[in-house]
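Number of protein chains: 2
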Amino acid sequence: MEIKKINHIAVAVENIEQATEFWQGILGLDLEHVEEVQSQHAKVAFFPCGDSEVELVQPTDPESGTAKFIQNRGAGIHHLCLEVEDIDAALQELKARGVRLINETALVEEGRKMAFIHPKSSGGVLLELYQII
Amino acid sequence: MEIKKINHIAVAVENIEQATEFWQGILGLDLEHVEEVQSQHAKVAFFPCGDSEVELVQPTDPESGTAKFIQNRGAGIHHLCLEVEDIDAALQELKARGVRLINETALVEEGRKMAFIHPKSSGGVLLELYQII
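Going line by line, the protein sequences match chains X and Z.
For the record, in the first sequence the residue sitting at position 116 is 116 according to the UniProt record's numbering, with numbers rising by one throughout.
For the record, in the second sequence the residue sitting at position 65 is 65 according to the UniProt record's numbering, with numbers rising by one throughout.
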């Protein structure tokens, strides 16, 4: 499997506007845009940072994984996303090697395919794979 | 403050050799080197990933922050490290703006200066600032 780079690091927040005061107002990162990501039941703010991004993720559904994460552990770093060349091949390879996947096939959204690896298989790290299409 | 990029994302692990089986053996990242980082009371494995790194951090002292993190929350993503141009200026600016710092002045190690921002000030994210010197 070829990992190209860290695509983004996602931070679970209760309120994007308030968190933006820190990431943009204090740290000086540029807020590129805010977007509703339906598949994640979340509003996401994108802050480019070098060749990667910091993403602030505010849940829009109290039953979503991110909402439960905040309820259980408080706001904070939620997941790490690695960009791969070929996500379908990567998922097949991981499955063949016994890695537990949250998404056995990639979710497809505009311009990207993505899937999550279960933290049980990655030492407690919620890991997203991502392919630009 | 000018943030250049994500320098690394640190993952707290109980056992570096075992975790390396996943990050290198399964994901295919290259293990660059393993190093004892005295100031962090930890053994750290460095995996370059694009223009950033994934670092696996195994505590060597049960009283260290990383050891307590694992005891309280289990292994997983521990902190995000952002590389800045001038860490001393950044810390002064943060302090002046009321941001709570774990290290009010930067720790100096070979080739680098670093300091941690308290998660209370950064929405639950343990954030490290880092300058290559």
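Everything labelled a hint here was simulated from the structure, so no lab data went into it.
Do not take every clue at face value.
When chains are identical, the list treats them as one kind, so a pair holds in a single copy or across two.
[What the hints assert, rightly or not] With a straight-line cut-off of 25 Å between C-alpha atoms, the simulated BS3-like cross-links for lysine-lysine are:
hint, residue 1, residue 2
1, K43, K95
2, K68, K4
3, K113, K95
4, K5, K120
5, K120, K68
Evaluated hints:
1. Taking the closest pair of Cα atoms, K43 and K95 never come within 25 Å of each other, the shortest separation being 30 Å inside a single copy and 30 Å across copies.
2. With identical chains, the CA atoms of K68 and K4 are never at most 25 Å apart, being 30 Å at best within one copy and 32 Å at best between copies.
3. Taking the shortest Cα distances, K113 and K95 sit within 25 Å of each other inside one copy (17 Å), while across copies they are farther apart (41 Å).
4. Taking the closest pair of Cα atoms, K5 and K120 come within 25 Å of each other only inside a single copy of the chain (22 Å); across copies the shortest separation is 29 Å, beyond that limit.
5. In this assembly of identical chains, the alpha carbons of K120 and K68 lie at most 25 Å apart whether taken from the same copy (17 Å) or from different copies (20 Å).
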